[in-house]
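Participant: Those protein sequences? They're chains A and B, same order as listed. Going by our numbering, the residue at position 1 of the first sequence is 1; the numbering climbs one at a time, nothing skipped. Going by our numbering, the residue at position 30 of the second sequence is 1030; the numbering climbs one at a time, nothing skipped.
Some hints could be false.
The list that follows gives simulated cross-link-like pairs (lysine to aspartate or glutamate, EDC-like), each with its CA atoms no further than 16 Å apart [stated by the list, open to error]:
{"no.": "1", "chain 1": "B", "residue 1": "Lys1064", "chain 2": "A", "residue 2": "Glu20"}
{"no.": "2", "chain 1": "A", "residue 1": "Lys18", "chain 2": "B", "residue 2": "Asp1054"}
{"no.": "3", "chain 1": "A", "residue 1": "Lys18", "chain 2": "B", "residue 2": "Asp1050"}
What the hints contain is simulated information worked out from the structure, not anything from laboratory work.
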Amino acid sequence: MAKIYSDCNPKKIQLNPKKETVDFLLNYSKALRVNCYKKMKFEALLN
Amino acid sequence: MKKILIQDAVLVKNYLNGDESALSVLINRHKQKIYSFIYSKVFDRDITEDVFQDTFIKVIKTLKLGKYNEEGKFLPWVMRIAHNLVIDHFRRNSRMPKFDNAGEFSIFSVLSDSALNAEKSIIKNQVESDVRRIIQELPEDQKQVLVMRMYQDMSFKEISERTGVSINTALGRMRYALINLRKVIEQHNIVLTN
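Let the sequences and hints guide you as you build the complete structure.
Facilitator: Structure representation (structure tokens):
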């Protein structure tokens, strides 16, 4: 049987953002309100 | 049960209609790609985290302000924002270079202060004073030539004119002065290095 000399592929390191960062973004999204007045738009962070 | 993949465009639409969970799905779906893309440019986890966060803040703002034009290219659009923010980061850093000593490489190993520090300055003074004391031990004629040559920076021609001896004699006295200095230094184990 043929010998396999090649190394098995090392596990690829998965790069992911921290859970805190994702949570922050989701909370930021929930807190951000855009109020429209005539043609103007106002951002408001409602925490 | 078969999982149905909701397309990005639908999720964006749902999000714009007030479904906050749609954003969570979008972030979780693309976070690895976007995060890796940023990391491949900046090679720093903390900066990657910051740029990733800024990217999605911009995404959220643009979506909520109704400025996003859906063309079925949500991921390329987010990638473009991340790319621009990475460029902003490098521009900011080139204006204000920041050196931290967190990594293996320390910038202070390359930069050096040419001025002597307090310790080296004391040693230098000590060495100079030791040399002066040893010179005082030399015979008068040798001492005279050595002082004129080393401290007054005179040429041997000038020394010979001033002392009234030939240049060869002045050279010979200098030679003996140095030999005698070395002898004294060796005999007394005097260390004259900085």
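Participant: Holds or violated: A:Lys18 and B:Asp1050, Cα atoms, limit 16 Å.
Facilitator: This hinted pair holds, its Cα atoms lying about 11 Å apart.
Participant: Is it true that the CA of B:Lys1064 sits at most 16 Å from the CA of A:Glu20?
Facilitator: Violated - the C-alpha atoms of A:Glu20 and B:Lys1064 are around 22 Å apart, more than 16 Å.
Participant: For a C-alpha distance cap of 16 Å, please report whether A:Lys18 and B:Asp1054 respect it.
Facilitator: With Cα atoms ~14 Å apart, A:Lys18 and B:Asp1054 stay inside 16 Å; holds.
Checked against the numbered hints given earlier, the structure breaks only hint 1 and satisfies all the rest.
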